[in-house]
Amino acid sequence: MYIVAVTSCPTGVAHTYMAAERLERAARKLGHTIKVETQGAMGIENALTGEDIARAQVAVFAAGVPVRNPERFTGLRIVEIPVAEAIKNAEGVLAGLGG
Amino acid sequence: MASRIDFAFPLPLGLHARPASALCDIAVSLGSRITLTNHRTCRQASARSALALVATLTRHGDACTLLVAGEDEVAACERLQHFIDDEWARCDDQVPAAPAAREGVRSLPRALASSRARILEGTPVSAGIARAVAFVLEPWLDALPLAELQQGSVAEETDKLDRAMRRVDTDNGERQRHAVHETERAILAAHRSILEDEEWRGRIEAEIRSGRGAVQAVVAAAEHFAGILRESGSTYLQERALDLREIAAQIVGELAGGTRATPAMTLDAAAICIAPSLGPTQLISLDRQHLKGIALSQGGATSHTAILARAFGIPCVVGVAGVERLVPGGREVIVDGERGLVIAEPTPAVLAFYEAETRKLEAMRARARAFGAEPGLTADGRRLEVAANVGSLDEVRLAFEHGAEGIGLFRTELLFMGRDAPPSEVEQLEVYAETARLAAGRPVIIRTLDIGGDKPIPYLGLPPEANPFLGFRAVRMYAAHPGIIEAQVRAILRASAVGPLKIMLPMVCCLEEVRAFRALVTRLQAELASEGVAHDPAIEVGIMVEIPSVAFVVDQLAHEVDFFSIGSNDLAQYFLAVDRDNPAVAHLYSPFHPAFLRLLEKIVTDAHRHQKWVGICGELGGNVLAAPLLVSLGLDELSLASPNVATMKAAIRGCEMADCRELLAAAGQASNAADVEALLRAFAEARKDRSLSAADIVHLGSGSHTRDEAIKELVDLLHLAGRVDDPDAVEAALWRREETTSTGVGFGVAIPHCRSPHVGIDSIAVLTFATGIDWASLDGEPVEMAILIALREEAGGDAHLRMIAALSRRLMDDEFRNALLAARDASEIVARLLQTGDEGGR
Chain F
0 MYIVAVTSCP
10 TGVAHTYMAA
20 ERLERAARKL
30 GHTIKVETQG
40 AMGIENALTG
50 EDIARAQVAV
60 FAAGVPVRNP
70 ERFTGLRIVE
80 IPVAEAIKNA
90 EGVLAGLGG
Chain Z
0 MASRIDFAFP
10 LPLGLHARPA
20 SALCDIAVSL
30 GSRITLTNHR
40 TCRQASARSA
50 LALVATLTRH
60 GDACTLLVAG
70 EDEVAACERL
80 QHFIDDEWAR
90 CDDQVPAAPA
100 AREGVRSLPR
110 ALASSRARIL
120 EGTPVSAGIA
130 RAVAFVLEPW
140 LDALPLAELQ
150 QGSVAEETDK
160 LDRAMRRVDT
170 DNGERQRHAV
180 HETERAILAA
190 HRSILEDEEW
200 RGRIEAEIRS
210 GRGAVQAVVA
220 AAEHFAGILR
230 ESGSTYLQER
240 ALDLREIAAQ
250 IVGELAGGTR
260 ATPAMTLDAA
270 AICIAPSLGP
280 TQLISLDRQH
290 LKGIALSQGG
300 ATSHTAILAR
310 AFGIPCVVGV
320 AGVERLVPGG
330 REVIVDGERG
340 LVIAEPTPAV
350 LAFYEAETRK
360 LEAMRARARA
370 FGAEPGLTAD
380 GRRLEVAANV
390 GSLDEVRLAF
400 EHGAEGIGLF
410 RTELLFMGRD
420 APPSEVEQLE
430 VYAETARLAA
440 GRPVIIRTLD
450 IGGDKPIPYL
460 GLPPEANPFL
470 GFRAVRMYAA
480 HPGIIEAQVR
490 AILRASAVGP
500 LKIMLPMVCC
510 LEEVRAFRAL
520 VTRLQAELAS
530 EGVAHDPAIE
540 VGIMVEIPSV
550 AFVVDQLAHE
560 VDFFSIGSND
570 LAQYFLAVDR
580 DNPAVAHLYS
590 PFHPAFLRLL
600 EKIVTDAHRH
610 QKWVGICGEL
620 GGNVLAAPLL
630 VSLGLDELSL
640 ASPNVATMKA
650 AIRGCEMADC
660 RELLAAAGQA
670 SNAADVEALL
680 RAFAEARKDR
690 SLSAADIVHL
700 GSGSHTRDEA
710 IKELVDLLHL
720 AGRVDDPDAV
730 EAALWRREET
740 TSTGVGFGVA
750 IPHCRSPHVG
760 IDSIAVLTFA
770 TGIDWASLDG
780 EPVEMAILIA
790 LREEAGGDAH
800 LRMIAALSRR
810 LMDDEFRNAL
820 LAARDASEIV
830 ARLLQTGDEG
840 GR
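Heads up: the protein sequence lines correspond to chains F and Z, in order. First residue of the first sequence? That's 0 in numbering that gives the first Met the number 0, and the numbers climb one at a time after it. First residue of the second sequence? That's 0 in numbering that gives the first Met the number 0, and the numbers climb one at a time after it.
Chain F extracted, bound-state conformation:
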């Protein structure tokens, strides 16, 4: 499965990147492909392109603040979870996406 994700937390300093790391590792373990865009204190990094989104089956938002440029994802199934959840239980979250 091809998954796109956005992580973002209020201070944008640590949790944003921890969540990204956990999602990436979990995806590798489960045999999925994932691209994670981080929206942190340094701005938007590893931005998701139109192509990425078109390829994806599902988007995961692990955010404590509203995701920026959400209109990109219209038409795609979006699963929203707290940032903490992505850190605590990334595998569970991805496994539960189905498909």
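Possibly wrong hints are sitting among the right ones.
Stated by the list, open to error - Lysine to aspartate or glutamate pairs mimicking EDC-like chemistry, simulated, CA-CA at most 20 Å apart:
#1 F:Lys-87 - Z:Asp-773
#2 F:Lys-28 - Z:Asp-812
#3 F:Lys-28 - Z:Glu-600
#4 F:Lys-87 - Z:Glu-600
#5 Z:Lys-611 - Z:Glu-600
#6 F:Lys-28 - Z:Glu-814
#7 F:Lys-87 - Z:Glu-780
Since the hints were derived computationally from the structure, they do not count as laboratory data.
Start from chain F and add chain Z according to the hints.
Here is chain Z on its own, set in the frame of chain F:
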């Protein structure tokens, strides 16, 4: 036929005790009657009464008139005009600094905010933390038997008053002699001068004549003047009312039966004094061995009591409404002189908090002392002696406490001021000898009398001049006052037998002056030798470089002097032809003027070429921003105000000669002072980019048991390392984040973090715990390691954000976390944290 002088009152703090006494001193020396009228308050006062002058409630800018009537009124007017124009403003130069008021809303530390103890807020006026048993004191005047004893005739009551006032004066005189601190002595002197004040005396006698007994008369007089001062609308004057009530209490105490009437003031164990108010004499009478802290409901930062508390180093909080009712006597109380809090019946949590705070303050003091003991060194090991400027023995003690490596300038003028006759040779010898003893072998430079028509020294009879700073002053007037200068030099020579002293000559403009002085020194040395009096036969003599002409004949002077010290304030003023006190042109004064920097470079280079050392004792030498310039100029010594010694040593430590030389070259090419300042600021900013983490902010095996304790310990680590300026505010910011979602991310790790304007340096601090702590973590497990990330508010610092983002990712890796937890020491943790980009191979 009277003369008048109209003026706007010049001093910012108003006409308070010090300027009033100064005017009084002059008025008393003149024959005419002098009256001051304030046109705003419509009050009048004889200029011979300091009290009456203060009671005019004169504020900055008030329209006033001095009426002068008498035989010498023309000369008197000239003198007074000169005083008003040039001298009065300098009265406030020595006003002691109160701790800067905390700006913004004060955030109570979490441990206190969440406790059930009674926390009272006030204004901190003397730093430190005290914990002891409360001792509640009644205000002196209220505790005395005010009911009249047998009341006699007017003559009898006046006689009783006389005797009582004389006894009080004698007692205060005794206390003055035993006073260790100059501040103590000065305050007692001020009280004694009130006793002698003719208005004070006159008022009491008037009350007696109108039928009151001596006791009631004194109380009524005190109330009369205190009432006026309280109405003044000036906090400073209101605090003087406290002084008056205390003097009244002393007189009444004598009238009522002498010392038997004074309330119990003996402390027999560690105690904290709680009272509505406390007069300075009362404070002095309390046993200082046992007095650990003071909390008052009245009073302010500039009251004499607060000043004494600071001088004695006793934590003190004032303005705590109702403190004498709310704090139970005989029970434990805490006085927090850092935050301005008084805590009655402290709970175990509060006690634990203050134990941690006290340990931290002790650690900070020890660190400052240790650093203070170190020599001034640049980053690449170049020596730059950091000494202190002083004006009195108190300041000498303070200087060495602050880690000064010597006394670079002892201003002797204060020894000559405020007296009717010059200090004798013996009087001066005591001061210089004690200075040499306190210095214990460290260098001491004593500057001979540097005085002119601008400072009021009546016995010198210096005529008023149109241009005192270009006039008959300092070395130029020595030939006209041989007795005075010889006494001073003999005193310095005799004191040099106790320890190494050097002599420095002010305001030299040519070689002849130096030669004449050298000849004088040689003659006096011979005199002392023939008298068999010990002295240093090879005493070093140097000169101040303040007149620009000297800069161009350093080669000639170098043959006659042993060293040079740059008086940058006056040198810059003469060089740029600017009076920095003149608001119209003050903006032209700057020691960063490129021409001035080139001048300094020339002086140092020329002096070194002739193997003579060069120091600096003006304000520029104490300017931390200028540190790289001072280093690159090649100065051998800096002499500055004591409290800045440690900061300056630290600033120099951060300087490398190569960088500093580059900066100096750029500064010399700049076209104005503002550009030079900008260069200096940029240099300082670049140096702020200190390492994200260091061993001194990592603590392995911490004993903190709870999340609260751990967060406080982490912030304290940053505070001790000088990375945050307001630990309470940073702690509050961390808790705001913590309360949104716990930063315990699982896997035994917590990452409390915040961005705050109170963080001075981006930092990562680490604690590992002996036993896991409950952090309400995401996975419910205890936390074994807490990593604090504290960032500055300013954007730009992406490099640090990148490192932290990478660190956050690595913390998700089992191997990395385990390696951190298994680290043997703080340095290993720091090394692993700061490792860049090691993602490969995972």
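How the hints compare with the structure:
As the CA atoms of F:Lys-87 and Z:Asp-773 are separated by approximately 17 Å, the hinted pair is consistent with the 20 Å bound. A threshold of 20 Å between alpha carbons decides the hint, and for F:Lys-28 with Z:Asp-812 the separation of about 14 Å falls inside it, so the pair holds. Simply put, F:Lys-28 and Z:Glu-600 have alpha-carbon atoms about 68 Å apart, too far for the 20 Å limit, and the pair is violated. Under the criterion of a C-alpha separation no larger than 20 Å, the hint pairing F:Lys-87 with Z:Glu-600 is inconsistent with the structure, at around 64 Å.
Taken as a hint, the Z:Lys-611 and Z:Glu-600 pair is honoured in the structure, with Cα atoms around 14 Å apart against an allowance of 20 Å. Among the hinted pairs, F:Lys-28 with Z:Glu-814 is consistent with the structure: their alpha-carbon atoms are about 17 Å apart, no more than 20 Å. This hinted pair checks out: F:Lys-87 and Z:Glu-780 have alpha carbons roughly 11 Å apart, not beyond 20 Å.
Against the hints set out earlier in the document, violations occur for numbers 3 and 4.
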